[in-house]
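All chains, please: the whole structure from these sequences, using the hints.
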Amino acid sequence: MGFRQWRVLVLNDFRIEWRRKDRGFLMVGFGILEVFLFSLSFNVTPRLSENLAPGILWMGFLFAGMLTVTRSYSHEVPYDVLTGLTLAAGGRGIVLASKLTVSFLFMMTTELSATLGWLGAWPMGRAIPWGLLFLVLSLGGLGIVSAGLLMAAINVSMNGYDTVLAVVLLALEVPVSIAAVQATTSLWRGGHPWIWIHGLMAFDAMFVALMVLLFDSLWEV
Amino acid sequence: MRWTFWLAGILTLVAGYCDFWASPDDVLLGASQRIFYIHMGAATAVALAFTVTAGASVLYLATRQIRFDWIAVCSAEIGMVFTSMLLMTGMLWGRVVWGVWWTWDPRLTATLILWVLFMGYLILRDNWSTPERRARISAVLALVFYADVPLDYMTIRWWKSIHPIVITSHGIAMAPAMAIAMAVSAAAMVALYAAWMDLRLELRATEDQLEAVKNTMRQQIHGNMRGGIL
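Taken in sequence, the protein lines are chains A and B. 163 is the number that this note's numbering gives to position 163 of the first sequence; each next residue is one higher, with no gaps. 1012 is the number that this note's numbering gives to position 12 of the second sequence; each next residue is one higher, with no gaps.
Quick caveat, the hints were computed from the structure, so don't treat them as lab data. Please note that a few of the clues may not be correct.
[As the list claims (entries may be wrong)] Cβ pair distances, simulated, as ranges:
(1) Arg19(A) x Met1225(B): 48 to 56 Å
(2) Val1081(B) x Gly160(A): 35 to 43 Å
(3) Tyr1153(B) x Glu17(A): 56 to 64 Å
(4) Gly190(A) x Trp1098(B): 56 to 64 Å
(5) Thr1130(B) x Ala88(A): 43 to 51 Å
(6) Pro1150(B) x Gly24(A): 34 to 42 Å
(7) Trp1101(B) x Ala88(A): 40 to 48 Å
(8) Gly24(A) x Val1166(B): 32 to 40 Å
(9) Ser1129(B) x Glu17(A): 30 to 38 Å
Quick caveat, the model's predicted, so the values are computed rather than measured. Think of the CB as a built atom: it goes at the ideal place given N, C-alpha and C, for glycine as much as any other residue.
Dropping the structure here:
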């Protein structure tokens, strides 16, 4: 029963995106612009890329995530669809799970396309452990999305203070950004990324748990 | 005068004596070591203040009694004062010991993040005009932001940091006279927190009474206007 409702809500979000194309455009457009501008300003060489890429890429993912995830409920606000969704059978947990799935998939698409694009333009001198890189991208993406979704649920009821919320979210995401950048740097330099991967896991577990525990309190009809 | 103020006053005087007279100079850092006692005391008060905020937020979400929201916000306000004190004394100490006012060390960064988060908590509260909604969403925010408190404590243990670790698994890493000064300073700061909290909660209750009087007067004026008296 829960799975069916989750699937309906996920498909609904993709259908809205297919019609509007605003979220995808924002994420991909932001990613391309960021990579272009940084490569232009630093005159990136493969050697320089090894040092710069993790920071540049994760900064891009963080901002792209902030721009899009915090507006996860914006399509539901104008006609008060959110009230209907929260009152529908299945409860708010299903709404949360569907939003988390959609935001995470968008985030992963952005991360993978930007990372592969970067590696295509400036190949690394050594073999990349793809499995671990995918794990770091997934954990980092989940960290950005889980904290972002909590703020997005608060953003629904904001009027005029959303810029403060963005700054607060940025501060909240600093630990995940540091861990993700350090893990990616370790991977690309052939180091030991596990301490940072464990940090990412802890951050993700903490924020997903907080999201599940507190989500009901954010939306009360 | 309240007993909390008496206690805070007496403990502050004792802490001043321990910090500036009774404890010896550090062999390497000289008199600048004394900044550390105030710094450590402020850190204790910060941890306590934000823990009270988080605890009161949990209690608010469980019971929906508005007094827990007051406790949460009053404690966060006082916590912010102590966090600012913590950052400033840390910068003074860092300038003497490390030669720089600021460095992006994990501990310093986590403390600055804590300051930004709870400043955001206090600013964002103004967004919601209805007390119930403000209290509910603020409680959620406080619990999310509180996650930075244990992280801040553990940064110097988990990552490479130039920040000294004083409380270790083998005990307190300093001379007994210094450890006493540190403990008395921490007690004084906690007492100061309690005194401020006492005063701030009373002020908050007065604000609430004033708001109730204003609302009654608004309703009376509105009623008079409808009745054509004004």
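Evaluation of the provided hints:
{"no.": "1", "hint": "Arg19(A) x Met1225(B): 48 to 56 Å", "verdict": "holds, 49 Å"}
{"no.": "2", "hint": "Val1081(B) x Gly160(A): 35 to 43 Å", "verdict": "violated, 26 Å"}
{"no.": "3", "hint": "Tyr1153(B) x Glu17(A): 56 to 64 Å", "verdict": "violated, 41 Å"}
{"no.": "4", "hint": "Gly190(A) x Trp1098(B): 56 to 64 Å", "verdict": "violated, 32 Å"}
{"no.": "5", "hint": "Thr1130(B) x Ala88(A): 43 to 51 Å", "verdict": "violated, 25 Å"}
{"no.": "6", "hint": "Pro1150(B) x Gly24(A): 34 to 42 Å", "verdict": "holds, 37 Å"}
{"no.": "7", "hint": "Trp1101(B) x Ala88(A): 40 to 48 Å", "verdict": "violated, 55 Å"}
{"no.": "8", "hint": "Gly24(A) x Val1166(B): 32 to 40 Å", "verdict": "violated, 51 Å"}
{"no.": "9", "hint": "Ser1129(B) x Glu17(A): 30 to 38 Å", "verdict": "holds, 34 Å"}
Checked against the numbered hints above, the structure violates hints 2, 3, 4, 5, 7 and 8; every other hint is satisfied.
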